[in-house]
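S.K.: Below are the chains, spelled out letter by letter.
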Amino acid sequence: QVQLVQSGAEVKEPGASVKVSCKASGYGFIGYYMYWVRQAPGQGLEWMGWINPNSGATNYAQRFQGRVTMTRDTSISTAYMELTRLRSDDTAVYYCARCIVGVKAYYMDVWGKGTTVTVS
Amino acid sequence: QSVLTQPPSASGTPGQRVTISCSGSSSNIGANTVNWYQQVPGTAPKLLIYSNNQRPSGVPDRLSGSKSGTSASLAISGLQSEDEADYYCAAGDDSLNGVVFGGGTKLTVL
Chain A
1 QVQLVQSGAE
11 VKEPGASVKV
21 SCKASGYGFI
31 GYYMYWVRQA
41 PGQGLEWMGW
51 INPNSGATNY
61 AQRFQGRVTM
71 TRDTSISTAY
81 MELTRLRSDD
91 TAVYYCARCI
101 VGVKAYYMDV
111 WGKGTTVTVS
Chain B
1 QSVLTQPPSA
11 SGTPGQRVTI
21 SCSGSSSNIG
31 ANTVNWYQQV
41 PGTAPKLLIY
51 SNNQRPSGVP
61 DRLSGSKSGT
71 SASLAISGLQ
81 SEDEADYYCA
91 AGDDSLNGVV
101 FGGGTKLTVL
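As they're listed, the protein sequences go chains A and B. When we follow this note's numbering, the leftmost residue of the first sequence carries the number 1, and every step to the right adds one. When we follow this note's numbering, the leftmost residue of the second sequence carries the number 1, and every step to the right adds one.
Bear in mind the hints are in silico, worked out from the structure with no lab data behind them. Do not take every clue at face value.
Okay, the calculated bits of chain B under chain A, using three or more residues with CB under 8 Å as the criterion [said to hold, decoys possible]:
#	region
1	9-15
2	20-28
3	60-70
4	97-108
Derived BS3-like pairs (lysine-lysine); straight-line CA-CA distance at most 30 Å [as the list claims (entries may be wrong)]:
#	chain 1	residue 1	chain 2	residue 2
5	A	K104	B	K106
6	B	K46	A	K104
7	A	K113	A	K19
8	B	K46	A	K19
9	A	K113	A	K12
10	A	K12	B	K46
11	A	K113	B	K46
12	A	K12	A	K104
13	A	K23	A	K12
14	B	K106	B	K46
15	A	K23	A	K104
16	A	K113	B	K106
17	B	K46	A	K23
C-beta atoms are modelled at their ideal positions from N, C-alpha and C, and glycine is treated no differently.
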């Protein structure tokens, strides 16, 4: 079945970096964009950026520019999201999600279970 | 502050019909289709409605979506206790080349 399996919870000190992985299975990894979304405790969903696994092209939300890097390893169908210079307000659950991109349509149909990152 | 605007809460009794609104702008809802996600606390979001009014397989037809101009809405009829969750609208945003979300609506089944 189609699934995204994320890496385990992380606890980091302020100023450190974290790298979250997202392994895809059950579908052609390079055929779908991978989006990253985060959710701070008690808050809503926030889009962070995307990577095109086929080309490696990326696009990041402005507020994360300069701190986030999204990469992929097509040989193991895995996407990565690295966030640097962590602050306490980066404490959140980080999700990867497969995104269907069409004409005027962008929707995330498969989600990972999330990776909790605590900055303390 | 979320780009799309949703009411923070909604409620209804079992069997009732409830609607959740979502307001945006010409660069997001006005330019692209709208999607709705359901999130039970402690779990990942689940796609409920895509392309304004399409349901993925497994989503019951008592859930429906619509869009008009720069606004959209999600309707749930025959409300059930299992519908109690947070609901988020989302749309592509041409000015960001990404996706924007609403702040979420907490649905309570009384």
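S.K.: Each hint: holds or not?
M.R.: Now for the hints, and whether the structure bears them out:
1. Against chain A, the region 9-15 of chain B contributes 0 residues with a C-beta closer than 8 Å to a partner C-beta. That does not satisfy the three-residue criterion, and the hint is violated.
2. Under the rule that three or more residues need a Cβ within less than 8 Å of chain A, the assignment of the region 20-28 of chain B is violated, with 0 such residues.
3. Residues of the region 60-70 of chain B lying with their CB closer than 8 Å to a CB of chain A number 0, which falls below the three-residue condition for coverage.
4. Coverage of the region 97-108 of chain B by chain A holds. Counting CB-CB distances below 8 Å, 8 residues qualify, and the rule asks for three or more.
5. Our distance criterion of 30 Å between C-alpha atoms is met by K104(A) and K106(B), whose separation comes to about 28 Å.
6. Under the criterion of a C-alpha separation no larger than 30 Å, the hint pairing K46(B) with K104(A) is consistent with the structure, at around 20 Å.
7. For the hint linking K113(A) to K19(A), the alpha-carbon distance of about 16 Å falls within 30 Å, and the restraint holds.
8. Proximity of K46(B) to K19(A) is assessed by CA-CA distance (about 24 Å); at most 30 Å being required, the pair is judged to hold.
9. Simply put, K113(A) and K12(A) have alpha-carbon atoms about 20 Å apart, close enough for the 30 Å limit, and the pair holds.
10. For the suggested pair K12(A) and K46(B), the alpha carbons sit about 28 Å apart, so the restraint of at most 30 Å is met.
11. A distance of roughly 11 Å separates the Cα atoms of K113(A) and K46(B); the hinted pair therefore holds under the 30 Å criterion.
12. Straight-line distance between C-alpha atoms of K12(A) and K104(A) comes to about 38 Å, which puts the hinted pair past the 30 Å bound.
13. Taking the CA atoms of K23(A) and K12(A), the gap is near 22 Å; set against the 30 Å cutoff, the hint holds.
14. As the CA atoms of K106(B) and K46(B) are separated by approximately 15 Å, the hinted pair is consistent with the 30 Å bound.
15. The suggested pairing of K23(A) with K104(A) holds, with an alpha-carbon distance near 27 Å, which does not exceed 30 Å.
16. Between K113(A) and K106(B) the alpha-carbon distance is near 20 Å, which keeps this suggested pair within the 30 Å criterion.
17. Restraint check for K46(B) and K23(A): the C-alpha separation of about 18 Å stays at or below 30 Å, so the hint holds.
In summary, the structure is inconsistent with hints 1, 2, 3 and 12 from the numbered list given earlier, while agreeing with the others.
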